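Two chains, two separate frames, one set of hints: put the complex together.
Chains as they are written, first to last, in our numbering: chain C, 1 to 131; chain X, 1001 to 1524.
Since the hints were derived computationally from the structure, they do not count as laboratory data.
No more than 16 Å apart at the CA atoms, straight line, and that leaves these computed lysine to aspartate or glutamate pairs for EDC-like:
#	chain 1	residue 1	chain 2	residue 2
1	C	Lys28	X	Glu1409
2	X	Lys1262	X	Asp1507
3	C	Lys28	X	Asp1408
Predicted, not measured: the structure shown is a model, and the values here were computed from it.
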Amino acid sequence: MVGFILKRLVQSVFVMLAVAFLAFSLFKFVGDPISQMTGVETSLEDQARLREELGLNDPFFVQFARFTAEMLRGDFGYSFRTREPIGQMLLSRLPATLELGTVALLISLIVGIPAGVFTALRPRGFRSRPS
Amino acid sequence: MFRNTLPAAALVLGTTLLSSLPVNAETFRWAGTTDPQTMDPHAVNAAPVTSFLNNVYEGLVRRGPDMAEEPSLATSWEALPDGAGWRFNLREGVTFHDGAAFNADDVIFSYERAASEASDVRSWFASVTEVVRVDDYTVDFLTSAPNPLFPGSIANFMILDQGWAEANGAELPARDAENHATRNANGTGPFVLASRDPGIETRLVPNEAWWDEAEHNVTEAIWTPIGNPATGLAALLSGEIDFISPIPLQDVEQVETRDGFKVLAGLETRVIMLGFGHDHETLKYSDETTEANPFLDPRVRLAVAQAIDVDTIDRVIMRGAAEPASQLLPAGLSGYSDEYDARPSFDPDAARALLAEAGYPEGFSFGLMCPNDRYINDEAVCRAVASMLARIGVTANVNAMPVRGYWDELRADNFDMYLLGWSPGTFDAEHPIRFLAHTPNDRLGTWNFGGYSSARIDELLEPIQQEIDPDARQGMLDEVAGILQDDVAYVPLYTEPLIWAMKDSVDVVQRPDNFFMLRWVTVN
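Isolated chain X, as found in the complex (with noise of 0.2 Å):
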C-alpha cells in the first residue's frame, strides 16, 4: 500500500517547493518576530506596529534615512508668533488608496481620533490645546506652551481618511477589540495593504498613485513573522526569504561566509543601562542583612560605574557591534550632550577605594533583575556585570526572566538594580529625562522605576520642552546631563547593535530606528 503512496506524496512535496519559490525577482518577501497587533495606527504604540504602518499611512512630517525630519503631508511648517503652536501647510493633489482626497478636515479627524481616550498615542498630543483648520490646506496646532520639538515628535502620527473611516465605523481606535481599521488600511502611503492574515502573513502593493517618485522596485511585498530568529535565519538562507531583522549575533559570520548573503550592522538609537532602586530603603534580595541600601550612596552607584569594562562587554558579548555610551541616548542624537561625553574610567582598584570609603570594604550582595529576552544577549550581559561585580566583591544575585513580567516586576519595585535599555521615541535628549530622569508621578518618569528625583531636572524639564533657542537649550540638556552623571543616576553601558540579514541582490537602508521602510528597497 505504502509503495503506490511514496512516489505520490513526493509529487506533492515537490510542486510544495516549487511554488514556494519567487514567482518574479521583484517580489519581495521579509519576515521579523513580532507580527504588528493591529493596522490602526493610533491603536498600539509600538514598534512593529509603527514601523509596519509607515509603509502603509503617512504623517504630516516623515524621517529620512539619516532621521532628519522630512516634508510629507506637509510641504512645509512654520512655529506660530509667540509660540502660539505650529501651522502646517498641507500638500494638494494627495489621495488615499482608496481614491478620497486629502484634505485638513482629514488631518483635524485624526488628531482627534488619536488624542482620544481610546487612543494609545494621545501622549504625543499632551501639549496641544486645540487644532485649527485655517483652510482646506492649512492646519494649525495651538500649545499650551511653546514646543519646539512638535513637529519631529509628531512623525508617526499617521493620517487617517475621516470619510473612510466615518463609513466603516472606525472613527476611534479599538484598542482591546476590533474594528474595521484593525485589519484594513487606507492610507496616501507608498504600499498598499492588499491582505492580512494575522499572525501568518500580510501583502503590500504598491502605491500607483502616490504623490512621491518612488525609489523602491518591488512590485509585491510580503511579510510575514517568524518568532523564533533562528528559524527565521533557516528560511532567509533557504532562499525563503530575503530579508530578516534580528538575527542572533552569533549567527552574523555564519551569513556573512556565506555566498549570496549579507549582514547590514549599524547602531540603534537604544542605550542599555543599569538601574538602581533610589528610593529603596534596604536590599531586598541580599545574602546578609544590611540595614540601608547602600546603592544610596552615590560612591557605591560610581564604584559600580567603575568596576564594568563596558568595552570587553562589548567585545567578547556583542562581538564589537555596541557602542559605548555615556548618556541615556547614543552619541549624535538631538540635544546629546559633547561636554559630557565621557563614561566614567574602567577602574576596578578606585571603586574597591570608593566601597571602603562607602562603608563596604567587605562588598556586598544584592540582586539583579534582568530580561533574558527584550535585549540583544541581555542576561549574558547581566551575568557579565555580575562578574565583573565579583572583582569588586560585591555579590549580584541575577534574576533574569521573560519580559512579559518584567516590567510588572520592576513597577512593584521588586529589584535592588535592573537592566533597562532606552530608545527615545522622539530621537531627543528631552525625552530620556522625561521618562527616566524625572520625579515619577502618573505622566513624568512613568519609567524611572527607581524613584531617581532630582529638584534641578525636575525644573529644567518644562524649560528644556519650551526652549526655543537652540544655544540656550543645549545649555539646560548639558546641565541635565551632568546632574546625572554626578549623581551616577544611571550606569549607561552601551548602544545596542542593530543587525539586518538579507541577499545579496537586495538593497535597503538602515534607518537607526530600526524601522524598516519599503520605500528604500530595491531588488536586483
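Looking at chain C on its own, in the form it has when it is part of the complex (with noise of 0.2 Å):
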C-alpha cells in the first residue's frame, strides 16, 4: 500500500512538470506580453528595455525553468490582465474551489456508493442497467 501510494506521488510529480511544461509552451502561441502590456506610443526601445528586464530574452528551457523555480516557491507572479498577485488570486478563490469539491465528493459519495451496492446486489436487475 505505501509502496503503491509512494508510486503514485512519483508519478503525480511528472504529470505537474509535464503539465506546466505544455502550459508554459502555450504562451508561445498567444502573443507577445510586452506588446499587451505596453500601449501604442510605447518606443521600441523602453519595449526592448522591458523585455529584457522580464527576462524574455532569455532561451524558452531558462525561462521554463525559472517559471518552475518560481512556482516551486509559491511566486506565482502577477496577471497582466489585472496586475494582481496570481496567488492572492488563487486563494480568494479557493473557498468557492473547496465548496465545489466537497459537493461534488459528497455527491459521489452519497450517490455514488449505494448506486454501487444496489447494482452490486443485482447485476442483472433492469435498473442496474443504463440506457
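What follows is the structure, encoded as C-alpha cells:
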C-alpha cells in the first residue's frame, strides 16, 4: 500500500511537470506579452528594455526553469490583465473551489456508493442497466 | 427529497433577482468589454485605463465634449518666450480625495513619475528637458525645441499626490507587478474610487469636494467588464445595466426598436486603412512566383485604392455608420488637410488599366493580413476588400487572426498588405505622421510596419512639431498629406463608427475619443 502511494506520488510529480511544461509552452502562441502590456505610443527602445528586464530574451528552457522554480517557491507572479498577484487570486477563489469539490465529493459518495451497492446486489436487474 | 428543496431554490433565486434591481435611480451601472488593467495612470498607456481614470484623476488640461482643450488643474497656460516651453498656472484650493492639498510639488512629482523608465506614458514628455517650480502654483515645462502642441498632448497626464504616493511606496508606476497605486487611487477628479475588484466590479462615488460644479446626478457608479458584447447587450436589455459600449453593429436595430432603450452612434477618431509592404522585395504569400513585389509600384497601389468601393463597404458592412476617409486622420481634426480631402475615385476600369500599365494585366495574388477581433467587423471588411480586388483580377488571400498575435506578425513582416486602424492620441495630424509615415526607427515610425519612407516627410516632421504659426504649420501638413496621397502610402478606407447603447432614462456625452466621462451622465 505504501509502495503504491509512493509510486503514485512520484508519478504525480511528473504529471505536474508535464502539465506545467505544456501550459508554459502554450504562451508562445498567445502573442507577445510586451505588446499587450504596453500602449501604442511606447517606443521600441522601452519595449526592448522591458523585454530584457522580464527575462523574455532568455532561451525557452531557462525561462521554463525560472517559471518552475518560482512556482515551487509559491511565487506565481502577477496577472498582466489585472495586475494582481496570481497566488492571491487563487487564494481568494479557494473557498469556492473547496466548496464545489466538497459538494461534488459528497454527491459522488452519497449517490455513488449506494448505487454501486444496489447494482452489485442485482447485477442483472432492470434498474442496474443504464440505457 | 427534491420536492422539498425546489421551492427553497426558487425562493433563493427570487431574492437574488430582487437584490440585483437598482436600489435607487441615480445608481448608474455601466459596462464595456475591457477592464482597465490598473488604476495607475502612468503604468499602462491604453484607452481602457486612460478613459476610466479620467473620471478619478485629472490633468493640467482636460478635453470638453467636443475635444476642445479646457483648463483643469491648470487655470491657464502660456508659451514661454522664444519657444522655451510652457508655463502652467495651477488652480488653488484643490484637494485630493484624501484631503491633501494640490500644488506645484505634486505636478513635478507626477512629471518625474510619468517620465521615468518605469512609466508607459513617458513618450509624452520626449521633448521636455526640465520642469521648474516657479512658485507654489506655477510650473514651467521647458522643452528642447518649441512645442506648440504640448498642452493638448498632455491632456491625459494625470496628477498624483506626492505625499500619498510616497507614503504608500508608489513613487514609481508598477508595469509588470503591482503596488499601492494599482488598486487604489487618490486623484482630484469628480469621482472617488470606492472599491475595486479587478475583472469583476469597480465602484465609484462622487467627490463631494470637487473644485468644479458637478453636471451629473450620479450617486454611485458601478463598472462591470463584460467581455462578450452579446452578453453585455443581454445585460442591458434585461435591465441589469444602464449603459454598454460597444454593441455589435448588427444589434443596433434591435436596441433602437425596443421600448426604453436608445443607441448613440457617432464617429470615433479612428481611421481604418490598408498598408503595404513598402520595403518587401518580393511577395510573401503569393500563389505564383512573382519576381518583384508589385506593390512597390505606386500605380499598383493606386489601382488597389481605385478598386475598393468604400461606400458599399460602409453601406453593407458598417450599416452606413462609417464615413469614407481620405487621410490618416478623420476629417475635422486639427491639422486635417482640406486641400487633400478627396479620396481616389472608385473606378475599377481605371484600376485595371493601371495594373496593365504596371505590367500585371493578368493580376497577381498576395496575402492580406487582418485582425478579426480588433475593429468593428474587421474580418468582413477584409473579405469585402478581397472580393473587390478580385474584380480587377487581383487575388487577396485573407489571413484573419485575433489581435493578440496580430501586431507580432506585422512586426515580423509577415504580410503583403494589412489592415490597420489608427486613432491619433493627440487629435492632431502630427500624430499619424510620427507613428505611421516617418521612416521607422526606435522612436519614430514605430507603427509603420510596411517601412514606408519619404525623405521629405522625415524632414518635415520636426518643423511641423515646432512651428508656432498655424498657417505655416498647416502648409507643411498639407504637403505631407499630398505626398502620402501621391505615393498611395496607405489606402485610408473609412472612419470607424462609435456605437453606445443605453436605457432611455440615461443621458451621456459621446466624446469622439470613446472616453466615457461620468461627469456628463444624468439618470432621470
